[in-house]
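Sequence lines, in order, name chains X and R. The first sequence begins at 1 in our numbering and counts up one residue at a time. The second sequence begins at 1 in our numbering and counts up one residue at a time.
Any given hint could be a false lead.
Simulated crosslink set (SDA-like; lysine to any residue; CA at most 20 Å straight-line) [what the hints assert, rightly or not]:
#, chain 1, residue 1, chain 2, residue 2
1, X, LYS122, R, LEU176
2, X, LYS122, R, ALA298
3, X, LYS122, X, ALA43
4, X, LYS122, R, ARG221
5, X, LYS122, R, TRP294
Simulated from the structure, these hints should not be mistaken for lab results.
Okay, here's what each chain looks like letter by letter:
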Amino acid sequence: MAESMLHEPPDAADLLATARAVLVGTLLPELPEALRFPALMVANAMAIAGRAAAADPEAEAALTEGLRALLDAADGDAETLMRRFARAIRAGAYDPDMPGRAAASAWLVALARHRAALSNPKALRDAGG
Amino acid sequence: MTEAGPAGAIAWLCAASGATDAAVLRWERLSGGAIQQNWRLDLQFEGGTIPGAQSLVLRTDAPSSVSVSRTRAEEFALLRAAFAAGVSVPEPLFLCSDPTVTGRPFFVMRRAEGIAAGHRVVKSETLGGGREALATALGRELARIHTIRPPRADLAFLPPVTDPAGRLIGIFRAALDRAERPRPVLEWALRHLERRRPAPGEIVLCHNDFRTGNYLVTEARITAVLDWEFASWGDRLEDIGWLCARCWRFGNTAQEAGGVGSRAAFYAGYEAASGWTIDRAAVPYWEAAATLRWAVIAIEQAARHVSGAEQNLELALTGHIVPELELDLLAMVGEG
């Protein structure tokens with residue numbers, strides 16, 4: 001993410017990663033067994049938040065543009081486009097043998113991969129790439 | 001109850017069992033259960049129907065529960081039906097529906113040994129007699145559950161179901177309509193399930209959360225199938241798909257039956273005990289349905305946190321399981 005000139009560095013992603021390293025490397029080994037699970041949950045939350053803070057806005061803009069093209073929509077923000085797409089899927093507009101099906105399916109895969117890269121990148125590796 | 005101690009429950013248990021007295025050997029809260037609480041209660045009964053030392057579990061609602069699942073009385077009836085059908089469940093002993101005894105209804109069952117934690121169970125090569133024996137035993141347990149068929153006067157609280165796939169599709173559609181955000185990947189999966197909706201099969205009792213993590217297992221065997229609160233009438237393939245779906249293998253994806261053993265061993269256990277042949281080609285539909293079901297549950301759990309109704313880190317992180325489920329769903333239904 002582009003650094004804000006208005007904020008004091010290090011940025012959110014850096015702080016989260018650095019703090020998480022202390023949690024996992026220094027604190028976790030000293031914790032009793034009963035506190036390991038909550039500590040691992042905290043570490044996971046910090047990792048997700050750190051990836052979200054570092055997410056590339058251009059990649060997200062490209063996904064939105066891809067959906068706009070798919071829907072042949074002149075305007076509308078990401079939420080409006082997503083709602084329209086969701087309604088169209090439910091109505092059967094992308095059923096087998098419909099012309100837009102392959103493009104729609106490819107866009108959904110790109111969306112799911114982008115979301116998994118933030119929430120759980122291990123799922124991408126398990127899925128074979 | 002129950003923070004105050006078990007005195008009220010013990011007096012009630014003595015009356016229910018005909019004992020003259022019962023001494024407390026052990027009383028402690030067991031882990032797990034956000035909606036229900038489980039308490040270990042070891043008692044030494046003087047006389048009555050269960051004299052001597054007894055290791056029991058008392059199950060009751062959590063103080064703050066806004067329960068959408070079965071009541072304790074209904075869960076007790078389900079446990080009795082399962083116990084009678086030969087399912088490995090803790091023997092249900094006494095139900096107290098009177099909320100004035102401890103503040104909330106409760107029931108008491110025998111305590112079963114074993115571990116449940118999914119991430120531990122899938123790592124073990126030896127639990128339940130080893131991976132293939134455990135997968136076979138899971139098939140056998142599930143087949144016994146599915147011998148329970150409607151109509152049943154004791155289970156009259158379960159709403160009738162004639163079209164299990166249609167019922168699930170309705171649940172998914174309503175959940176997606178309630179959700180804060182548009183969910184195009186889940187809509188894609190829902191559309192697939194609608195288009196390929198199978199004709200209704202025979203209706204049986206479905207456990208609806210039959211998976212690793214929800215049974216107790218020792219080195220020797222499965223000792224208890226737990227968490228009956230989502231049970232309903234349905235299609236047996238709902239439970240088979242839920243156990244086998246990739247999302248319930250706790251990362252041990254090569255072991256397709258619940259992360260513990262092979263699909264072949266699980267199917268063999270089921271078929272030997274039920275005399276029913278699993279239609280292999282029909283199972284993927286129900287695995288997709290299972291994955292979508294887990295996704296809408298995860299969304300609703302995260303929404304409890306996001307809305308402020310119940311701020312909780314575990315609920316918050318459950319929401320972040322959804323993208324992986326979306327990848328699973330697209331891999332399952334993308335082409336068809």
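### Task
Find the hints from earlier in the document that the structure breaks and name them by number, from lowest to highest.
1 and 4
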